[in-house]
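**Student:** Sequence:
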Amino acid sequence: RYIQDCLRRTGDDNEVGGMLVGCYEVNSLGQVVAIRISGFIPAGPHAEFGPAHIKFDSEFQAGYLRILQHRNSRHRCVGSFHRHPGSFDRPSSGDLTTDREALASSGSPFLLAGIVTLNNNREDDSSLRIGDLKFDFYLLGRGADSKYVRVVPEICDTDPSEAVPDSLVAYANARGASLTYDLKALRQIPGVGKIELREVLRGPTPTAAIQIHDAHLEVDHLIFRNANGSIEAFIKPAHQSPFEFLGPWLDPTVASHVWISELVLQARRVLRSCEFAPIRARRYEATWWERDPRRLTLERRAMEEMYGSRATLHQDGGKLFWKTTLRESGHTLDVQIIYPADYPFRPPLIQSEKELPLSPHSPQRGKLFCWHAYTNSDWNPSCDTAAVALAAASRWYACLLIYLTLGHWPAAADHPVHQNKHHI
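Okay, so the sequence shown: first residue is 1155 according to the numbering used here, each after it adds one.
Among the clues, some could well be false.
Ranges of calculated distance between the beta carbons of each label pair, as one might list FRET restraints [said to hold, decoys possible]:
#1 Pro1396 <-> Leu1250: 51 to 57 Å
#2 Val1424 <-> Leu1452: 30 to 36 Å
#3 Gly1184 <-> Ala1440: 51 to 57 Å
#4 Gln1342 <-> Val1187: 30 to 36 Å
These aren't lab readings, by the way, just hints derived from the structure by calculation. Note that this is a predicted model, so its numbers are computed, not measured. Where a beta carbon is used, it is the ideal one built from N, C-alpha and C, also for glycine.
All chains should be built: construct the whole structure from the sequences, respecting the hints.
**Tutor:** Now the structure itself:
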């Protein structure tokens, strides 16, 4: 089905193929007596196809193979297969050169070459036929003068390798060879049990997930690698809800250097240094800008485009806010634009640094602007930012000065201020 799908997608005249995955069967003397094929790895999203050539996406295939080897340590690349035009059901001279180079750079004793032809009516007892596809297999040994030897395939029962989701391949590619060493180190930690790599749906985007059972503390470590490269880690005690294990790995630039094995050890150190029972009952939450650093970047950009350096961003514990000075007709007012905890689902608060005079939009003495330009019903979390709130604050302050001077609040001012929107 993979071959047929590729031909429909790339054209009937193009070569298609992939990597063969399996293991070597050896006898009591350590001699290879059979090659067991359990699956294949696709050519990859960046593979190049043509009528007389195919170039595999080697980075994609390497990441895919790392995940397969975690599931079954015996899995390895045992060869490749590709389609030939017409009835040309044997390797070409170019195939021989390529396979010799591949075999010389690997630690494998043999390489299996599979040739696929379409609608080939040539009668051949050594071939394997599936529908309108004909498969022929050739074995190449090591050595500069080695030649292909045709082999006869046999159908046998085997544990097929499961397809690897794209999010796991992306994670494996981002980690490179360090992922293999990381998983090996993880297995050697005393008390570490089952390690499961899978794809989960968190919101609209599939996410790579790793679940590790820790028998020492009777918890499961749940680790998610987000599309932006950041890592979220949770600890789930038995029969209890998970809580988040916060750390610098929420930053994508840091997360790329974090080993899962070290993260598990760090979680152990933290849990053992505290009384475990109360920790399991507590709830840990990341701030909205830690959960979505991309949103904070867009907030900064929007504010800089509208106000340059006149507004500055500050953090006080879990409070994030902008400070600026409103200027209107020779008057000034220092204000803060404060992000609520559930931002962006609620609009920012606008707060003066001194008490406001009584007005129709500040009926009680206080510091908060009662700004009607945005309510929960017409605030748009997908495109409105704190810069829009600051624009509304400037408008509100101008209206307040008019009210204090003329005694009435401008009615035309009570409509939304839509400007400088950034789609998130």
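**Student:** Against this structure, judge whether each hint is valid.
**Tutor:** Structure-based check of all given hints:
no., hint, in the structure
1, Pro1396 <-> Leu1250: 51 to 57 Å, "54 Å, holds"
2, Val1424 <-> Leu1452: 30 to 36 Å, "33 Å, holds"
3, Gly1184 <-> Ala1440: 51 to 57 Å, "53 Å, holds"
4, Gln1342 <-> Val1187: 30 to 36 Å, "32 Å, holds"
When held up to the earlier numbered hints, the structure conflicts with none and fits them all.
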